[in-house]
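Bring the two chains, given one by one in their own frames, into a single complex with the hints.
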Amino acid sequence: MSLNTATNRRLITTKATLWFLVGAALVIAAVRYALGLGRTTALTDTTPWGMWIGFDVLSGVALGAGGFVLAATVYVFGRERYHGVVRAAVLTAFLGYIGVILGLVVDLGRPWNLWAIFISQNLHSPLFEVATCVVLYTTVLALEFAPVGLERFSWAQPIVRGLKKAVVPLVILGIALSTLHQSSLGSLFLLTEARMHPLWYSPLQTPLFLISAVALGLAMVTLEGMITSWLYKREGEWSLFKGLTRAATFVLPIYLVIRLVDLGVRGSLGYAVDGSWFAVLFWTELAMCVFIPVLLLTLPRTRGRNWAIGWSALLMVSGFILHRANVGGISHMAVTGEAYVPALTELVISMGLVSGLALVFLFFIEKLNVWEEPPAEADKFDRIAFDPVNQHYIGAPWFGGGQRAAVALIAGAVVGLIMVEAQVAERSVNQPSPVEAPRNVLLTRTADIAGPGHVFELASLGTGGATAAAAELQRGLLIDSGGAGRYVLFEHGAHQDSLGGQQSCVLCHHRNVPLDLATSCSHCHTDMYEPNDTFSHAGHETALGGRESCAKCHLESDAAKTRIAAKACDDCHRPAAGTRVKASPDARIGVAPGYVDAMHGLCLDCHRQQDATLAENAYLGQCATCHRHGFDDKEELIRWSREVARAGGAGDGTKAMNR
Amino acid sequence: MSSFAILTDVTRCTGCEECVLACKSLNETGDRDAPRKWQGKATDLSSTRWTTIAHTEDRHVRVHCRHCLEPACAAACPVKALHTTEEGVVAYDPSICLGCRYCMMACPFSMTRYEWESANPRVRKCILCYDKMKAGEIKEPGCTAACPEKATIFGERDALLVEANRRIKDRPDLYLDHVWGEHEVGGTSVLYISDVDLASAGWPADLTNDGVPHLADKVLETVPTTFAGVGLAMAGIHWVIGRRNKLAAEAAAAHAAAEAENTVDTPEDEEQS
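Residue numbers (our numbering), protein chains in the order written: chain A, 37 to 695; chain B, 131 to 403.
Here chain B stands alone, though its shape is the one from the complex (with noise of 0.2 angstroms):
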């Protein structure tokens, strides 16, 4: 498979959430999640809990990592530990990771989640069960597996935006005309379709098409020549301000001689007269 996409439809769901049971069951993150102080609710995501269920008054959303096509967790990221695979995922590798937590600082949608209990934290978040699809034990992430409604399926990226386009077209009664993903912050590879807006739900409506590393990017594009040309520009500086100090300098020990001479010879020429 080329890309690795997740749709949900939350028409379809009924926030029975098995797809979050799946989840932590399949990738070991314990049975309970015990919420810190400092934490919201139980049910928000956080280190044992990589996708949860966000419920509105009558509707159920799914909440997990997005897969941006432009991460910008993984432009962050120093030394590669967070990283698109060549199918979209943006996967993490915990044997390199610094925990410097600039990917949490980063992400457009705080999906970021961190072991702060741990003395060796690692960074957790959904991975689309990448290792394990790697490893050829499981044909499609736990999260879909599981849905008993089919509310969120696993497919190539193109093929669910076609199936996305065709249940809006199929039900304009029913859904809005938008794909949350398609562009938002440069495509993602995790999309929604729905029947309500979704800006209160996880997809802020200010949220713009470019993705987030853009402009960080057009700077650091900048860094060779910057170096290059400040360097040049001191060394010019040095080079004619010392030239000037000297040429200064010569001109005020000549004239400081002439003086010299002249204060010398003064006496000599008033004597002589």
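Chain A extracted, bound-state conformation (with noise of 0.2 angstroms):
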């Protein structure tokens, strides 16, 4: 069979647009498995399941319910009538499936592990059945499409003889099958109630899911017969359509009665009428898939005319799809308050697969006898390579059908690799670790028993009351000190107290700093910044007994008796529990170095090493490079920091600073 596909513009420009996508989804894909789909997706935690388990596997799914309707209306119920679309009907239910198997092939985050389905199965898990029952029926359908592809071969007659005669117990076993997998992809969401809007839950999902399907089925045959009609210029079995599309409307009053009910006897109906997004998508939902369909196909002044099918189709079809949609992701926004919007690189997955199946579709139709009556064949001319009269090359005809599809193909890989690399440029920034708000918290105040100082300790309502007497629990914060789960514990009774009490409070806060909430600590702590000595030898030594007690430091007797030879800080301080403000494991430090010093240590060795590799006009290392106004006698200046740098250590440095 021949088709006009040579010359068929509106054939050739749906083919092109179809082969880009599919190269746009191809480069996609790959990018998708090389990073995970945390980049090259819009999906969450709070949204694990997006737009390639709510379209393409819902809706996949349930587009090939067109499979086993038309299946079930000719060989079982006997309708002969319809036997010019059941083997399209086949067709795109098997293309469907493979569309989802594909899909979902894309969505797992481990597909290499599909072999487990053999080795552990669960038999209480929804999705295993639906996965085994779409193997399965891929499977049935296959072997139901099969005798189209292989009976122009004749070595293959006995195999297509034996598959007509299997054809009855194939449809009968296929509509089994069916029949469990459409209504278990309902059951999937029995398990998700916790985060579904109450009008798209039901417990009844099951059998809305099947019922659905076979009035979805019978429309998606109808839409797809139409387009193909369109397609390659030929007459619609138009009057196939118009009783398929009667059928349906059989079908979706049932549904309408059963979904209404459901809600009306759980009381969750209020939710229709509550004025929300969600109920009107709700009526939306209902007017697309049966409301207006019913109307279209029943009034008279409508009924039986082609374009009320064809619109009555679209629109069953899309709001089936709109519902697979609902139940699968959009309702859950309700719940879960996160908008979950899908990313162009999962548009055009979706849109590539749809596209990819959608060529082989036209493949098949163009190749095979899908059917019955082919349109008559068209006028057709070959462009010719060489001049007929004196056998001049003239030029190939070389911008065919498989050129203008790799030119498409490339085109859409391009299209997508950009695509890809904006969705990965957005998703790879981590948002700034914010600080915590400080974090009230109830803390005693004890004395140290080891030693000198004080110990807070956390107190909570269970313990406090036992562990210390009420009157010395205080109110405290937690401040964050720069994230990983650190804090630093800050007296905030006690400091309300030794300020004034409640009228103190505009001592710290409100001091109309923009964007400070609260005075930093070195406002009045303003010696924090100053060298300190935080070890207090006499406070130590009185604390500890006297004279008597140097040993219970300095514990080598011929040692000199120097801070390196000392125990360290933590041997006694150790950090009590609930404790935050802990000794540092390795702290021996006495001097607690300034800002000053701190300052010095870190960029003056660095400036010094500078200065060095620049002999002449030598300035990094000067202290006037920085401290523009701090001198007044330059030279002065000059001569003092060649000390510091003879000196060679930051803390001789301050000693010549203060001096």
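To be clear, the hints were calculated from the coordinates, so they are not data collected in a lab.
Take these hints with a grain of salt, some might be off.
[Said to hold, decoys possible] Some chain A residues near chain B, calculated using beta-carbon distances under 10 angstroms:
1) 71
2) 73
3) 85
4) 140
5) 164
[What the hints assert, rightly or not] A few chain B positions that, by computed beta-carbon distances, are all more than 10 angstroms from chain A:
6) 158
7) 242
8) 263
9) 264
10) 265
11) 266
12) 289
13) 296
14) 299
15) 302
16) 306
17) 312
18) 333
19) 368
20) 387
[Stated by the list, open to error] Which stretches of chain B does chain A cover? Using the computed rule of at least three CB atoms under 8 angstroms from a CB of chain A, they are:
21) 165-176
22) 191-199
23) 243-251
Cβ atoms here follow ideal geometry from the backbone N, Cα and C, with glycine treated the same way.
Set out below in structure tokens:
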């Protein structure tokens, strides 16, 4: 059979578009496997299922429903009239299911573990049942369709005859399998009640999905017949389409009644009139699936008209796709509160998948007898490479179907690469770890038994009363000290008391510093940046028992009594349970470097190194480079900086400066 | 030990987050959590933070997998990658996980997280340190061992229920008379007692006491019946309609034959007459 494929502009444009989308999807799919789902999709922990499940899988299965509905009509109910569209319906279903499987493979995080389904089955999982039935039914559909592909080969005639004999058992097996997984697709959402909007959750999800699949299958066969007839400029089987859509008008009211009565009985119908966006969505969906198609197909003025049949088929198909998407994800937004908008990359993969299957469908239609009455052969001429008169080469007809497809495919791949690059860049950004707001805590302050100072302990209602007198409990704050779960414990109550109670808030808060909620500690503790000895030798001596106590820290009697040879601070100051203020494990530092020393240690060393490389006009090591107004006498400043350099230590530098 | 369970006493928790740090170091999930753009807070549960603390105005409530006795996630998993161990722990086997994320859709508490950044991603959630306890490396989960206030403790579920009820009985002025997790969604291995209602801290008030998988289980039980029933019904209809069509065709053929005879005969008769 030869169709008018070479000169049909409609077909050429459509195919080029399909190849373009396939090219874009292939590139995106490759990147998706290389980088993972996180950076190539809009999926999140709150929305783990997106468009690939909500559209590719759920709608793919539903669109394939035409296969079992038509097969049942013709082979079981004996309506031979519809034999003309049965092959196309079975082909649509078969490709639909291949699409479901491919869509799932793209969506699965670890599709290379699919073998596990053969060794570890969970019979309690609706998804396991759906997967099993889909695989079995795809096989059945392949067997149902195989005679169409094999009938042209003489060697395959025995197989074709065998398959044709087995067609009724195959069809019945297919119907049973379809009944199971079409409905189990609804059962999937019995487990997800916690995240679904009440208008789309139903304990009767299972039968609702089955019934709607029947109506959807009828509409899908009609729509697909209309599109291909338009594409190949042939007369559609309008009398059959009329019968199919008419049958849908008997199924749809059953679906509507079950849905509404179920909502009413469970008291969820109120959500449909609460004026929310979801109520609008609910009625829009029902209008598309049921109200408008049924009206168009039954009102005397419109029924039987081709445009009414076409529109109602389109509305039913898109309405039920919307229904599947609502159940599978859109309605969940009402509960999770997270808006999910599919990324362009997800959208393109879905479209590319459909496009690829459409191309296979068109290929089959052109090469095999999918239609019983193929359209009349169109005028066809081949461009020739050689002049028929003088046999001179005049150029090959290079820009044929294959070349067009290749160009469209590559163009699509380039566009896909740009899209996926944008998406990856967008999603690779982590949000800056925000500073946590200070947290209210209860704390006790007790004198440290082991030495001088105090131990701060976080207290709670349950234990606070037991370990400390209630009066000692005070309000404190845990102030984030740079994330990673570490905090500075701030005695808010004690500060308040010592600064003057209720009147003192304003001393720290409300100082009208933009974006500053409270004054920084250093505003009052001005010495926090000055060098100070955190270790009070005299204090320790008094607390540990005067002159007799030296050996408690200076363990080796013959060693010099220096800081280095003494015990480490945290040998005594062990981190008590619940304390946040702990001695650093390697704390042997006596003098806490002040701000100035710290800066000089970090900056000056490097500046000095830079200075050495600049033989002439040395200036980086000069103090005036930073301290522009600190020294009046420039000569003295330079002398001082040289002194610092000679002494070679920040500590000495401090002394010089203090002088 | 026959069952692994955790009891968290909200009144004792100081919110110090030692449990979180212990969990992170024991399970080697990294020092810092780099929150993704879409994530609410750095301190939310994530693939690198399997337990966290929800800080309300003045209470601190631990959040981690509840280890339901009838887990929806394990019912959802088509390959039993998520499964209940004999100790009641909902454990995870990444080697057979397909990555379908149905578990994340099914969890009534939204506790499961995913390694979105990975090209070979795993589902991440608290597994009560099951692997390390089975290997004998530790005697109790990292979080309960680290808690300085003993606000979250490890034990057998029955013993912890007794302990919870004892505390409630001892301090009726302090505690609400409710053990969260005793009955919710069919019971969980992670129990909570508190002096405030936990509806806003991970225990939605509309949870039923039925296990989430019950309804789907009931539907799945009908699968063999449906399969056989639909198959038989279709075969029956096919036979009845086929026979009717055959009879009709035979009748039509007979009728046509008779008609043909008549039409053939009549002219002869006419001619003869």
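Practice item. Starting from the hint list further up, note which numbers the structure goes against and sort them upward. Key: 7, 19 and 22
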